[in-house]
Amino acid sequence: MPRKSPELNTGSMADISFLLLTFFLLTSSINTDMGITRRLPPPLDPSVKPPEIKQRNIFTVLINQNNKLLVENAPSDITLLKIQAKEFLSNPGNDPNLPEMEMKDIPYIGRILLPKNAVISLKNDRGTSYDMYVQVQDELTKAINEIRDDLSMEKFGVRFSQLTDENYIEAVKTAIPITISEAEPENVGGQ
Amino acid sequence: MARFKKKGSKGLPGINTGSMSDIIFMFLFFFMVITTIRETTLFIRVRVPQATEVQKLEKKSLVSFIYIGVPMQGKFGTSSRIQLNDQFATVEDIQEFITQEREARDEADRKLLTTSMKIDKETRMGIVSDVKQELRKIGAFKINYSAAKGKALKK
Chain A
1 MPRKSPELNT
11 GSMADISFLL
21 LTFFLLTSSI
31 NTDMGITRRL
41 PPPLDPSVKP
51 PEIKQRNIFT
61 VLINQNNKLL
71 VENAPSDITL
81 LKIQAKEFLS
91 NPGNDPNLPE
101 MEMKDIPYIG
111 RILLPKNAVI
121 SLKNDRGTSY
131 DMYVQVQDEL
141 TKAINEIRDD
151 LSMEKFGVRF
161 SQLTDENYIE
171 AVKTAIPITI
181 SEAEPENVGG
191 Q
Chain B
1001 MARFKKKGSK
1011 GLPGINTGSM
1021 SDIIFMFLFF
1031 FMVITTIRET
1041 TLFIRVRVPQ
1051 ATEVQKLEKK
1061 SLVSFIYIGV
1071 PMQGKFGTSS
1081 RIQLNDQFAT
1091 VEDIQEFITQ
1101 EREARDEADR
1111 KLLTTSMKID
1121 KETRMGIVSD
1131 VKQELRKIGA
1141 FKINYSAAKG
1151 KALKK
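Residue numbers (our numbering), protein chains in the order written: chain A, 1 to 191; chain B, 1001 to 1155.
Read the hints as simulated data drawn from the structure, not as lab findings.
Mixed in with the good hints, there may be bad ones.
With a straight-line cut-off of 30 Å between C-alpha atoms, the simulated DSS-like cross-links for lysine-lysine are [stated by the list, open to error]:
#, chain 1, residue 1, chain 2, residue 2
1, B, LYS1059, A, LYS142
2, B, LYS1149, A, LYS155
3, B, LYS1059, A, LYS173
The following block holds chain B by itself, in its conformation from the complex (with noise of 0.2 Å):
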């Protein structure tokens, strides 16, 4: 009967792959929507510490970040340094890049800006205190210590 009459090629039907590509649309903005872009890049290696009392940061706009920690490149020296934005700092210019943060916030923000500190573990505390004092000078009082939410106590 000429219904079942098979067709002259009798190779595999083509995979429709119309549809991959919404597949991976959807995968993408699934992406998007959790992941954060990173703004800085990072010249030093902060390996942040582990406790069991951590809290998530809220209002990711308004938190600052600064972080402390041995360069990367031994060229940079092998002392703990401070990195805000994209480049290297002092302890004196922290005064400086809480004004300029604030001032790129709105002005209702300012109060509720948080200083995030990613610290890396084997830092000394000194420069630590040091930035500590500097951000009460200029009255960031909000901190938080960056850590990773784990067990603390190895011992």
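Just chain A, with the same shape it has in the complex (with noise of 0.2 Å):
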């Protein structure tokens, strides 16, 4: 009969084990990087002019080192910003004073009425507060993102979001574009 080996003492192990777990616990955050994810534009060719933009087809912001808004060369608040947007980029009425509307074909989707070239041209202060270009940031995007939910429930049923078919989702972002344009900015307020 062979002889039995003396058992090991593990007790120590977990106090081992301990330390490590609380030497990672340390040296590592959990928190998963979110944020608003833009394209900035290539730098201006400066020999080629700027094509030209019907006053219609901008949505202009303007947001002052006091971080007040400027809509439309109309004073405006943060929370009217959404709609506002919304009611620029959708134009639902065909109204005169709101983008021109086309029919455009997109693939998976048909046929619809979509803005021509409706752009939303954003232009901050160097005084802003960087809060406050974010908030703006987030509520174009907001604007966009509903109406993007509107369209894709329209035509597949389920908000964009939801999507999963990568050619879904593509049309939908074919039909309604981040279209946010930013111009240099301005120095009013000084630093």
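Put the complex together from the two separate chains, hints included.
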């Protein structure tokens, strides 16, 4: 009969693994990175003249150094911005002051009435606070996302965020692109 | 009867702690999997703004970070500063930083590189605009304004 080997004392094993655990807890962070994704425009070519855009196709949003909003040349508030942006981007009553509409052929969706080239022009001052800027970007994104949701509901029966088919997502994105153009910032209020 | 004879000691039997380490190890692996190791030590205070329409940053390895905020220690001043990797930087350093970040990645991945800007909410847009202009010049067009998910409108 072979001799039984003596048992190892595993009591301290737990201590060691606890130490490792605390080490990892301290050096790591759980937070996942979230944020608003944007695409910057390529640098302007000075020799190329910027294309003329009709006034009705531009939705101007100005933020001054006191974080006050001027939307379409009228003072506004952040709480109203989403509704205003939505109205501009969808132009429900084909208002002549709102962007030109055009029948567009989008794969998987078919022919629908969409703004021809509606652009949201965002301009901020150098003194604007970043918090305000992100809030404005957030509200504009919300407006676009809600319009995308509506379209997706109508055509595919689910909300845009719940679409799984890559083709459908692309189709909705093509139909309603994120058209936020940022002007060169102004320096009125100083640093 | 001999079978029911009690043993001498009446103390509680010792608890077997052998499986304790297994449980802790399971915890350890769980945390190792769900967390990410902090790579940079921040010298500046960054409290990102809150927003509702946030998207998750995908592919962590293809993200380079730019931090902007007020230095934590008073000796570095009270105006907003830029931090790249582990040191303070100026707006002029950004182009070089992006070039370095690109060179560290595979040729095929370079186009997918995203720049995540972690900016304190008290920051003025001036410095942010400068950084954005630099990013435009170097061609790093994909950016992400880091924000926490939450209610943005407090009014």
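Here is what the structure says about each hint:
Between the alpha carbons of LYS1059/B and LYS142/A the distance comes to roughly 24 Å, so the proposed pair stays at or under 30 Å and holds. For the hint pairing LYS1149/B with LYS155/A, the CA-to-CA distance comes to about 29 Å; that is within 30 Å, so the pair holds. Of the pairs offered as hints, the one joining LYS1059/B and LYS173/A holds, with about 21 Å between alpha carbons and a cut-off of 30 Å not exceeded.
Consistency with the previously given hints is maintained throughout, with no hint failing.
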